[in-house]
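Trainee: Here's the letter readout for the chains.
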Amino acid sequence: MSIHLHNIAKHFGTTQALEPINLDIHAGELVGLLGPSGSGKTTLLRIIAGLENADRTAQPSKILFGDRDVTNVHVRDRRIGFVFQHYALFRHMSVYDNVAFGLTVLSRKRRPNSGEIRARVFRLLEMVKLEHLANRYPAQLSGGQQQRVSLARALAVEPEVLLLDEPFGALDAKVRQELRRWLRHLHDEFNFTSVFVTHDQEEALELSDRVVVMSNGRIEQIDTPDELYREPKNRFVFEFLGDVNHLEGKVTNGVLTCGDAYWHVDLPDGHEELLLRPHEVRLTEQPTSESHLPVTITAISPVGAEVRVELEADWLAQPWLATVRHTDFEHLALRRGQRLFAHPRHWRRFPKAESKATEQSRVA
Amino acid sequence: MRRIGDAPLIRRLLIGAALVLSALFLLLPLVAIFAQAFSQGVMVFWSNVSNTFTLHAIGLTLMIALLTIPVCLVFGVALAWLVTRFSFPGRRILQTLIDIPFAVSPVVAGLIYLLLYGRNGWIGTWLDGHDIQLMFSWPGILMVTIFVTCPFVARELIPLMQAQGSREEEAAVTLGATGWTTFRRVTLPNIRWALLYGVILTNARAVGEFGAVSVVSGAIRGKTNTLPLHLEQLYQDYNAVGAFACAALLAFIALLTLAAKAGLEWRAARREAFA
Numbered sequence: 001m002s003i004h005l006h007n008i009a010k011h012f013g014t015t016q017a018l019e020p021i022n023l024d025i026h027a028g029e030l031v032g033l034l035g036p037s038g039s040g041k042t043t044l045l046r047i048i049a050g051l052e053n054a055d056r057t058a059q060p061s062k063i064l065f066g067d068r069d070v071t072n073v074h075v076r077d078r079r080i081g082f083v084f085q086h087y088a089l090f091r092h093m094s095v096y097d098n099v100a101f102g103l104t105v106l107s108r109k110r111r112p113n114s115g116e117i118r119a120r121v122f123r124l125l126e127m128v129k130l131e132h133l134a135n136r137y138p139a140q141l142s143g144g145q146q147q148r149v150s151l152a153r154a155l156a157v158e159p160e161v162l163l164l165d166e167p168f169g170a171l172d173a174k175v176r177q178e179l180r181r182w183l184r185h186l187h188d189e190f191n192f193t194s195v196f197v198t199h200d201q202e203e204a205l206e207l208s209d210r211v212v213v214m215s216n217g218r219i220e221q222i223d224t225p226d227e228l229y230r231e232p233k234n235r236f237v238f239e240f241l242g243d244v245n246h247l248e249g250k251v252t253n254g255v256l257t258c259g260d261a262y263w264h265v266d267l268p269d270g271h272e273e274l275l276l277r278p279h280e281v282r283l284t285e286q287p288t289s290e291s292h293l294p295v296t297i298t299a300i301s302p303v304g305a306e307v308r309v310e311l312e313a314d315w316l317a318q319p320w321l322a323t324v325r326h327t328d329f330e331h332l333a334l335r336r337g338q339r340l341f342a343h344p345r346h347w348r349r350f351p352k353a354e355s356k357a358t359e360q361s362r363v364a
Numbered sequence: 001m002r003r004i005g006d007a008p009l010i011r012r013l014l015i016g017a018a019l020v021l022s023a024l025f026l027l028l029p030l031v032a033i034f035a036q037a038f039s040q041g042v043m044v045f046w047s048n049v050s051n052t053f054t055l056h057a058i059g060l061t062l063m064i065a066l067l068t069i070p071v072c073l074v075f076g077v078a079l080a081w082l083v084t085r086f087s088f089p090g091r092r093i094l095q096t097l098i099d100i101p102f103a104v105s106p107v108v109a110g111l112i113y114l115l116l117y118g119r120n121g122w123i124g125t126w127l128d129g130h131d132i133q134l135m136f137s138w139p140g141i142l143m144v145t146i147f148v149t150c151p152f153v154a155r156e157l158i159p160l161m162q163a164q165g166s167r168e169e170e171a172a173v174t175l176g177a178t179g180w181t182t183f184r185r186v187t188l189p190n191i192r193w194a195l196l197y198g199v200i201l202t203n204a205r206a207v208g209e210f211g212a213v214s215v216v217s218g219a220i221r222g223k224t225n226t227l228p229l230h231l232e233q234l235y236q237d238y239n240a241v242g243a244f245a246c247a248a249l250l251a252f253i254a255l256l257t258l259a260a261k262a263g264l265e266w267r268a269a270r271r272e273a274f275a
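Line order of the protein sequences matches chains A and B.
According to our numbering, the first sequence holds residues 1 to 364 in order.
According to our numbering, the second sequence holds residues 1 to 275 in order.
Where hints are given, some of them may not hold.
[Claimed, not checked] Sample of chain B residues with no beta-carbon within 12 angstroms of chain A, all distances over it, derived:
#1 Ser-22
#2 Gly-176
#3 Gly-179
#4 Leu-201
#5 Tyr-238
[Said to hold, decoys possible] Now the stretches of chain A that chain B is said to cover, found in silico as 3 or more residues with beta-carbon under 8 angstroms:
#6 82–90
#7 100–109
By construction, these hints were calculated from the structure, which means they are not laboratory data.
Heads up, the beta-carbon is just placed ideally off N, CA and C, and yes, glycines get one too.
So that you can see chain A by itself, here it is in the shape it has in the complex (with noise of 0.2 angstroms):
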């Protein structure tokens, strides 16, 4: 079931939380909405599931399931299937009334019989792997099984669409990693349109088949996760998908200099800022003919496959962030306090007033 949406804006009050957004979504696709806190991903999302209006603006605005308009249609009808950043169980009732809640609730015609509820209740709780736990009251569970009740109780009554708002915010690290393997496996078995909600770049890159990225109520880039990350079409874009090291200086007759630094750069006459994310950023013991970036090390930390240092230099307003590998840690057996110089291996700008990037590699 695939969702189209058609100038959604929306209002609280006299703050804009979105700016009137056009949106596609593919049957079957898993679309991540990220965004800071305020990038109203959230708005749009409850928007989607009906559990907030659209502005009524003089451009009519649209919501289409597959061919369905479901502008005007009321949640309970758009048979959707919602869960909530802090699970929202029913805290009075089991864990299997919380799952059956859904079909309990169905018009007596289309309700089915209690011993085929009870199976498809239990098929459900079999699938995210809680069936032991049917009697337990939702204040008795971990996060993480309440969370896959919700999914379960979501699921229960079938839903075409699946909306998740920040599903796994709440949880721990491994936890997260846990259910979202589990969730993308879902999606693919059962071969609903997801769309989910999310602050955490790193989960909506690897979750998503295609990511939107929003900031101030706008869309700022729809793509898949690797062409946002190869491609960022802005600024913000590049620095909410990861860390990223700032370069600010004066460039002439091809150096940038800034302070006692410089570097050749390829660039016009003026003021620059070039950003670069920590592992385009090389460590060596000498400057080059190119580069001439001196840094101290000011912490280390090693963290899965890479080592993260810091460093810092009177010439820099903000420290910088270099991942290295292991090896080259050692080889250059790096400490706190250690100068070196440090050596872009490429770099982006992204000029004020165009928004279209500018990018270098060089190999050094």
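Guided by the hints, dock chain B onto chain A, whose structure is given.
Mentor: For chain B alone, kept in the frame of chain A given last:
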């Protein structure tokens, strides 16, 4: 490390003072009521209670309470729902307005009703023209009782419903539940203890209300006399045993109410421990 007030002497003094004060101000009067009521034996107590006028007063008081509770219940739930689930201009003001009956002296409340609905009142004149008499009859007593008791249920519910938020209700609606089903199966179970607690408070106040009722009832024996008014009349007539018999009845109702409240709290605590 010693905390403040941990010294044995101070501790004993504080606990002792609390006990003595509770006994003097709470327990002793209660005991005195029953002692006075039964001071001339059970038979005299019984003859006072079974007196026609007293029986009528009991009946009227219970009727008023029984009529007040459902009205306050519906009003309180509707108001709490409105204030906690919707945002609209004037929501804050409405929340403040709920407290008027608490802030205003009951006698003033009674006088206002008299002024409005009495024979010469603004609305009363019109009502009189249509042969409807509210003041100095039981509808008037009901009206002022509802006025003084209407905040209890809403006051109990609003903080609870605010804390619980509307997520569960939203979840129910996304699962296809109608408004009434959502209320019956999701909202009501979540607020039922607070609701019952509000009802108990409403009942206690409805039974015991004196000030507002005394202004609008006219205190006609056997007609518009509630138990508290009857008690006062008996006392003015130097029938101390009769007055205390009524007082004992009221105290008994209060004790029942307290027992119900304690029972509810005990159950709620047990539920919490279990959940």
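Trainee: Each hint: holds or not?
Mentor: Right, here's what the structure says about each hint:
For Ser-22 (chain B), the non-interface assignment is confirmed: its Cβ lies about 36 angstroms from the closest Cβ of chain A, beyond the 12 angstroms cut-off. The non-interface label for Gly-176 (chain B) is inconsistent with chain A: the shortest C-beta to C-beta separation is roughly 5 angstroms, within 12 angstroms. A Cβ of chain A approaches the Cβ of Gly-179 (chain B) within 12 angstroms, the least distance being about 9 angstroms, so the stated non-interface status is violated. Every C-beta of chain A lies more than 12 angstroms from that of Leu-201 (chain B), the closest at about 23 angstroms, which supports listing it as non-interface.
With a least beta-carbon separation of about 56 angstroms from chain A, Tyr-238 (chain B) lies farther than 12 angstroms from that chain, consistent with its non-interface assignment. Proximity of the stretch 82–90 of chain A to chain B, defined as three or more residues with a beta carbon under 8 angstroms from a beta carbon of that chain, is established by the 6 residues found. With 4 residues bearing a CB less than 8 angstroms from a CB of chain B, the stretch 100–109 of chain A meets the requirement of three and the coverage assertion stands.
Of the numbered hints given earlier, the model fails hints 2, 3; all others are met.
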